[in-house]
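> The chain contents come next:
Number of protein chains: 2
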Amino acid sequence: MSLIASSAQKVIPPGRIDLAIGQPSPRLLPFAAMAQAAAHAGADPERLLLSYGTEQGDGRFREALAHLLGPLYGRAVDPAELLVTNGASQALDLVCTLFSRTGDRILVEEPTYFLARKIFADHGLTPVALPMDEEGLVVEAVAEALRGAKPAFLYTIPTYHNPTSRCLSTERRRRLAELSRDRGLLVVADEVYHPLAYETPPPPPLASFCREAEILSLGSFSKILAPGLRLGWLQADPRRIRRFTACGLLDSGGGLNPYTSGIVRGALELGLVETHLALLKATYRPRLLALCTALRKALPPEVRFLQPEGGFFVWLEFPDGVDTEALLDPALERGLEFMPGPRFSNRNALRNCMRLSFAYFEIPDLEEGAARLGRLVRETPAGVAFGDRR
Amino acid sequence: MSLIASSAQKVIPPGRIDLAIGQPSPRLLPFAAMAQAAAHAGADPERLLLSYGTEQGDGRFREALAHLLGPLYGRAVDPAELLVTNGASQALDLVCTLFSRTGDRILVEEPTYFLARKIFADHGLTPVALPMDEEGLVVEAVAEALRGAKPAFLYTIPTYHNPTSRCLSTERRRRLAELSRDRGLLVVADEVYHPLAYETPPPPPLASFCREAEILSLGSFSKILAPGLRLGWLQADPRRIRRFTACGLLDSGGGLNPYTSGIVRGALELGLVETHLALLKATYRPRLLALCTALRKALPPEVRFLQPEGGFFVWLEFPDGVDTEALLDPALERGLEFMPGPRFSNRNALRNCMRLSFAYFEIPDLEEGAARLGRLVRETPAGVAFGDRR
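First to last, the protein sequences are chains S and F.
Heads up: the first sequence begins at 40 in the numbering used here, then just goes up one per residue.
Heads up: the second sequence begins at 40 in the numbering used here, then just goes up one per residue.
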């Protein structure tokens with residue numbers, strides 16, 4: 040596996056249990072399926088899309104994608120609503136380019152995906168943080184924020200939120216869609232974790248409201264097939280899709296990923312994506328259960344968390360006064376890594392929180408990671424807040 | 040070939056000779072080579088890069104790319120200077136995001152690539168047009184433009200310019216690099232046509248000066264292998280590469296094209312890219328010669344053009360008073376398309392110019408296209424300017 044390691048974005052030192060990394064484990068990457076899909080596409084020269092592609096993305100790929108999404112979203116998806124992207128990050132970057140100007144205000148959740156914050160910063164945007172509770176984003180706070188100057192857009196992660204794993208309730212989704220429609224608020228919904236449901240199906244994606252509201256829903260093959268493909272989609276009303284297909288980047292380069300989408304169309308047609316997604320869910324669910332069980336055993340009862348029903352993450356809330364950033368160096372010394380809360384905060388808050396991912400490591404490592412975390416918070420000075428109180 | 044046509048960015052009606060289209064002909068797309076490269080990569084699971092890739096792009100791909108570029112550029116290329124991109128358009132878009140703010144002035148050539156203009160417009164940039172002559176961009180005009188407020192960057196196409204096919208002289212390249220260094224001017228050099236040299240090698244690319252000046256050189260596999268791959272590179276001093284690898288898009292998504300670059304690394308290692316490039320040059324050179332010969336025969340002598348030594352395009356200059364936009368509809372009626380000059384102008388000028396491409400069509404069609412153009416300018420009212428003068 041040395042080649043993969045040397046070319047991967049993050050290299051994990053031997054012995055370290057890195058619960059910060061929000062990626063599938065190498066064992067779960069679909070090498071055989073993609074080789075089969077590539078051979079399938081390669082055997083039929085017409086299916087390797089080598090010329091400049093149509094701006095919206097190959098129509099037959101979008102049809103196959105719509106067939107995949109229908110059952111996942113609990114409603115039929117119209118291929119005319121889909122734009123092929125290079126993944127959710129690229130789509131978000133393009134949304135910033137086309138729908139904001141340097142200095143604009145945008146609305147985001149507190150906490151939010153830390154690298155979305157970085158993309159917004161690259162575009163010179165000013166995030167305004169809105170609160171979340173156990174039902175997800177507080178939609179009343181969106182309504183209040185709209186009393187001032189209109190923001191360029193709202194960025195939200197409605198389902199299996201990163202980092203909190205919370206799900207926006209069905210009722211709030213409806214109210215958010217109404218608000219979007221009535222106030223002309225552009226809502227950018229990052230729905231990449233939606234297909235990773237381990238218990239009951241989640242509420243309908245915000246994508247379902249895209250015909251009646253100003254919604255741009257971002258999806259990706261990174262979480263359900265392979266991140267290295269840089270292949271995703273944006274779902275929106277076809278009238279809004281046209282702003283994308285008319286932009287300079289797409290006019291100049293053609294479709295964003297014709298070649299890879301041609302190969303992944305092969306994987307979709309062969310049923311390999313559904314099979315892989317089923318494998319992922321069958322793998323992640325027991326990992327999630329094992330991690331939560333081990334955390335309950337290892338951590339003091341003051342550490343609170345909701346057991347997620349999907350996605351990649353467990354969000355821990357320690358008592359006030361615990362500083363998870365101060366815990367990181369001692370954790371690394373003990374062969375444990377996690378993502379401290381402030382990285383997800385828009386105001387350098389959430390110091391008492393941390394994000395753990397159960398996607399990358401197997402169950403024994405997750406259990407050992409939870410045990411290391413338990414020892415860490417009981418034994419290091421930054422964890423003393425517990426000792427004092429118990 | 041119906042599938043390719045249905046998924047291609049531009050569909051050419053039967054019978055039309057579309058000399059506007061700046062793309063390789065379907066016959067020149069390397070289906071067999073890419074199938075071979077995909078099988079080569081697919082046979083070795085470790086070579087399919089499916090995880091999040093390293094931000095700069097896979098190191099072994101960059102090494103293989105550097106080996107390709109060395110002979111083309113006439114000097115060794117350091118892989119540390121290369122950043123993998125989704126093609127020159129995406130790289131240009133990212134440069135705009137990272138190095139400009141809405142409302143900034145930028146310097147561009149008059150004429151310039153029409154879709155770069157669209158990308159700049161999407162970023163809210165204000166282009167300032169600088170003159171070109173037969174040696175390319177007038178570098179003195181750059182120096183003059185720097186007397187005002189500093190622009191965000193200069194965008195230039197130094198080699199086989201789009202649309203004029205002109206080459207910036209060696210001496211002017213040196214002066215431009217000095218100006219960049221001395222005045223801190225960021226120069227974005229679009230060098231995608233550089234490898235397509237049909238006669239003597241062109242002057243050294245601006246990429247050669249990237250260690251000593253503020254130069255970002257854009258390259259692409261679109262012109263030398265296949266546009267559908269959306270695979271290119273940016274060459275710059277490693278210190279400047281770091282601004283890219285640290286940006287939100289790359290931090291979030293990982294390398295921009297790990298999977299495709301893994302397959303193209305196979306093509307590079309198998310020598311398929313050099314072979315394909317040799318085929319392209321051996322095909323384009325006689326097409327270029329045939330088109331120029333046919334144009335000289337078909338057009339009135341007042342129509343001026345330089346016979347290009349590389350690239351994709353012939354730039355025709357008609358006498359003042361000829362309106363190439365007015366000629367377009369009658370041309371389409373006669374089964375001929377071309378790109379009118381104003382599309383490349385920053386001030387809706389160059390009405391007497393047009394761009395023809397010799398890349399897409401085969402020689403008999405190019406000759407017939409030239410004949411149709413000749414009849415058009417002699418027979419339509421918009422071409423009357425000739426008739427009057429001859």
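Honestly, the hints are just simulated from the structure, not real lab data.
Be a bit skeptical, because a hint or two may be false.
Identical copies look the same in the list; a pair holds intra-copy or inter-copy alike.
With a straight-line cut-off of 16 Å between C-alpha atoms, the simulated EDC-like cross-links for lysine to aspartate or glutamate are [said to hold, decoys possible]:
(1) Lys49 / Asp143
(2) Lys157 / Asp143
(3) Lys320 / Glu238
(4) Lys320 / Glu217
Everything numeric in this text was worked out from a predicted model, so none of it was measured.
> Evaluate Lys49 and Asp143 at a C-alpha cut-off of 16 Å and name the case that applies: within, between, both or neither.
This pair counts as neither: shortest intra-copy Cα distance 32 Å, inter-copy 36 Å.
> Using 16 Å as the alpha-carbon threshold, which applies to Lys157 and Asp143: within, between, both, or neither?
within (15 Å within a copy, 21 Å between copies)
> Checking Lys320 and Glu238: alpha-carbon separation at most 16 Å within a copy, between copies, both or neither?
Classified as within: same-chain Cα gap 10 Å, cross-chain 58 Å, threshold 16 Å.
> Regarding Lys320 and Glu217, is the shortest C-alpha distance of 16 Å or less found within a copy, between copies, in both, or in neither?
neither (32 Å within a copy, 58 Å between copies)
Hint compliance for this structure: hints 1 and 4 are not met, and every other hint is.
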